[in-house]
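K.L.:
Sequence:
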Amino acid sequence: MKKDFWLERWEREETGFHQGEVNPYLRQHWQKLHPAHGSVAFVPLCGKSHDMLWLCGRGHRVLGVELSAIAAQAFFEENGYTPHRSTSRKFERYEADGICILCGDFFDLCRDDLADVGAVYDRAALIALPPEMRERYARHLIHILPPATKILLITLDYPQAEMPGPPFAVSPGEVEALYREHAGVHLLAQM
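Per the working numbering, residue 611 is the first one in the sequence shown, and the count goes up by one each step.
These are calculated hints, taken from the structure and not from any lab test.
Here a beta-carbon is modelled for each residue, glycine too, at the ideal position from N, C-alpha and C.
Check the hints yourself; a few may be wrong.
Only pairs whose alpha carbons sit at most 20 Å apart, straight line, appear in this in silico EDC-like list of lysine to aspartate or glutamate [as the list claims (entries may be wrong)]: (1) K612 - D718; (2) K642 - E786; (3) K760 - E791; (4) K760 - E745; (5) K700 - D723; (6) K613 - E688; (7) K700 - D722; (8) K760 - D726; (9) K612 - D722; (10) K613 - D715; (11) K700 - E688; (12) K613 - E784; (13) K613 - E702; (14) K760 - E742; (15) K700 - D614; (16) K612 - D715; (17) K760 - E702; (18) K700 - D726; (19) K613 - E623; (20) K612 - E623; (21) K612 - E742; (22) K760 - E784; (23) K613 - E742; (24) K700 - D718; (25) K760 - E705.
Have a look at the derived ranges for each label pair, beta carbon to beta carbon [said to hold, decoys possible]: (26) L617 - T697: 15 to 21 Å; (27) N689 - E772: 31 to 37 Å; (28) I752 - A799: 20 to 26 Å; (29) E618 - H647: 38 to 44 Å; (30) G690 - R668: 17 to 23 Å; (31) M773 - S698: 34 to 40 Å; (32) A771 - S698: 41 to 47 Å; (33) S649 - A706: 17 to 23 Å; (34) A706 - E745: 33 to 39 Å; (35) F717 - T697: 17 to 23 Å; (36) F615 - N689: 38 to 44 Å.
Please take these sequences and the hints and turn them into a complete structure.
P.N.:
Spelled out as structure tokens, the structure:
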């Protein structure tokens, strides 16, 4: 899957993956990670998710990474913020009121970028990637996170032949295979 696929989706406003309200699984399960008040919550492939506002409202600083500048700008504009913009390594930074979005490629992130992260919220990153990219994504995420960082991961599992994706089906077995060498995997809910 090429970067242009996602950039074009934002340009054409084909953002059916964007949720208009806070994800109920985030509300229900975030505290099970026991994130410290004031810690940084990392949201990979964040888009313009309302979940970032919810996390910020719970006392966390929020760090998102997003490929599309359209999405980053829309997040701040739609929520009444005028972000401070700067350039940092390979990223354009958008920051306002405890929320920072790094606009650029997730795979360009390094340990220094995530040094203060206390927990990760992945609602739409892993399932946005085709099978051939998911192992690379998980490996990179684990490599750049501080040790023992907990991840709240929300996936979908369905017969992949029913729809080509994205979002892609990611089974509990695949999640286990991707993360078990580095962390315990606990299924919190299933529909």
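K.L.:
Take the hints in turn and mark each one as holding or not.
P.N.:
Quick rundown of the hints versus the structure:
1. K612 - D718: Judged against 20 Å, a Cα distance of about 15 Å means the pair holds.
2. K642 - E786: holds (19 Å)
3. K760 - E791: holds (14 Å)
4. K760 - E745: holds (18 Å)
5. K700 - D723: holds (11 Å)
6. K613 - E688: violated (24 Å)
7. K700 - D722: holds (13 Å)
8. K760 - D726: Holds: K760 and D726 sit about 13 Å apart, inside 20 Å.
9. K612 - D722: violated (26 Å)
10. K613 - D715: It holds: about 8 Å lies between the C-alpha atoms, which stays within 20 Å.
11. K700 - E688: Violated - the C-alpha atoms of E688 and K700 are around 25 Å apart, more than 20 Å.
12. K613 - E784: violated (24 Å)
13. K613 - E702: holds (16 Å)
14. K760 - E742: violated (24 Å)
15. K700 - D614: holds (17 Å)
16. K612 - D715: Status holds; Cα separation ~11 Å.
17. K760 - E702: violated (26 Å)
18. K700 - D726: holds (19 Å)
19. K613 - E623: holds (16 Å)
20. K612 - E623: Holds. K612 to E623 sits at ~18 Å (cutoff 20 Å).
21. K612 - E742: Roughly 12 Å between the alpha carbons, so the hint for K612 and E742 holds.
22. K760 - E784: Measuring from Cα to Cα gives roughly 18 Å; hence the hint holds.
23. K613 - E742: holds (14 Å)
24. K700 - D718: Distance of about 7 Å is within 20 Å: holds.
25. K760 - E705: With a Cα-Cα distance of about 24 Å, the restraint between K760 and E705 is violated, given a limit of 20 Å.
26. L617 - T697: 15 to 21 Å: Once the Cβ atoms are compared, 19 Å apart, the range 15 to 21 Å for T697 and L617 holds.
27. N689 - E772: 31 to 37 Å: 35 Å Cβ-Cβ, so the 31 to 37 Å window holds.
28. I752 - A799: 20 to 26 Å: Check passed, 23 Å falls within 20 to 26 Å.
29. E618 - H647: 38 to 44 Å: 39 Å Cβ-Cβ, so the 38 to 44 Å window holds.
30. G690 - R668: 17 to 23 Å: Since G690 and R668 have Cβ atoms about 19 Å apart, the given range 17 to 23 Å holds.
31. M773 - S698: 34 to 40 Å: This hint holds: roughly 37 Å between Cβ atoms.
32. A771 - S698: 41 to 47 Å: holds (42 Å)
33. S649 - A706: 17 to 23 Å: holds (19 Å)
34. A706 - E745: 33 to 39 Å: holds (35 Å)
35. F717 - T697: 17 to 23 Å: holds (18 Å)
36. F615 - N689: 38 to 44 Å: The hinted range 38 to 44 Å is violated for F615 and N689, with Cβ atoms some 26 Å apart.
In terms of the numbered hints stated before, the structure departs from hints 6, 9, 11, 12, 14, 17, 25, 36, listed from lowest to highest.
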